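**Student:** Sequence:
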Amino acid sequence: MEMLPSDFRPKESDVDLTVIRVEAPYAELAKFMHTLVGAQWRWGGRQGWGESAWKALVGRSGYEMLLGLHKGTPIGYSEMFVEDGGGVQISTMGLAPHFIGKGLGGPFLTAVVRHAWTLTSSRVWLSTCSHDHPIAKSNYEARGFKVFEVVEGDENPSNPSFWDLVAAGDGVRG
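The numbering of the sequence shown is our numbering, which starts it at 9 and goes up by one.
Check each hint, because a few of them may be wrong.
[As the list claims (entries may be wrong)] Result set (DSS-like, lysine-lysine): computed pairs, CA atoms no more than 27 Å apart in a straight line: (1) K145 / K110; (2) K19 / K110; (3) K19 / K145; (4) K110 / K79; (5) K63 / K154.
These are computed hints drawn from the structure, not numbers from a lab. None of the values given here were measured: they were computed from a predicted structure.
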């Protein structure tokens with residue numbers, strides 16, 4: 009899905025939400041947030057990553073990480089990449105399970121998109137799939153994203169949850 013500058017429709021809200029840019033992202037934080045937020049939605053592509061892969065991700069040119077805070081508590085995160093062509097890809101965006109259904113998704117997405125627009129003037133885009141939260145796509149559309157490509161593919165495998173990793177002794181270390 010993509011958004012052009014004139015498409016953005018922010019969701020204004022009086023919810024207590026602060027979104028911060030992580031100035032010095034590190035591998036363990038990226039893995040922790042990705043697991044916490046993405047495991048239940050079967051976010052793919054990072055299963056089996058070790059420490060060096062996570063370090064490469066956060067060290068990649070154009071990488072940005074945002075954390076959403078509600079009343080000072082981390083509630084979600086987003087990763088994005090500034091592309092060589094000038095666009096911005098929002099590669100991950102979501103809420104921790106405890107905060108889903110509390111009216112935070114629209115305002116958090118709005119803040120993430122606002123940040124993306126500070127990095128580009130051409131295009132913001134993201135991918136979604138059938139594994140995402142049932143209202144993720146409608147939230148994206150409500151903010152102004154439009155489908156520009158549909159790709160069929162294999163289902164992502166189930167991911168261990170944060171608690172599964174802790175029980176297995178893996179925690180969030182690579």
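**Student:** Is it true that the CA of K145 sits at most 27 Å from the CA of K110?
**Tutor:** The hint holds at about 17 Å.
**Student:** Straight-line Cα separation of K19 and K110 no greater than 27 Å?
**Tutor:** Satisfied, since the Cα-Cα distance of roughly 14 Å is no more than 27 Å.
**Student:** Given the proposed pairing of K63 with K154, does the C-alpha separation stay at or below 27 Å?
**Tutor:** Judged against 27 Å, a Cα distance of about 32 Å means the pair is violated.
**Student:** Does K79 sit within 27 Å of K110, going by the straight-line distance between their CA atoms?
**Tutor:** holds, 13 Å
**Student:** Can the restraint linking K19 and K145 be considered satisfied, given a maximum Cα separation of 27 Å?
**Tutor:** holds, 15 Å
Checked against the numbered hints given earlier, this structure breaks only hint 5.
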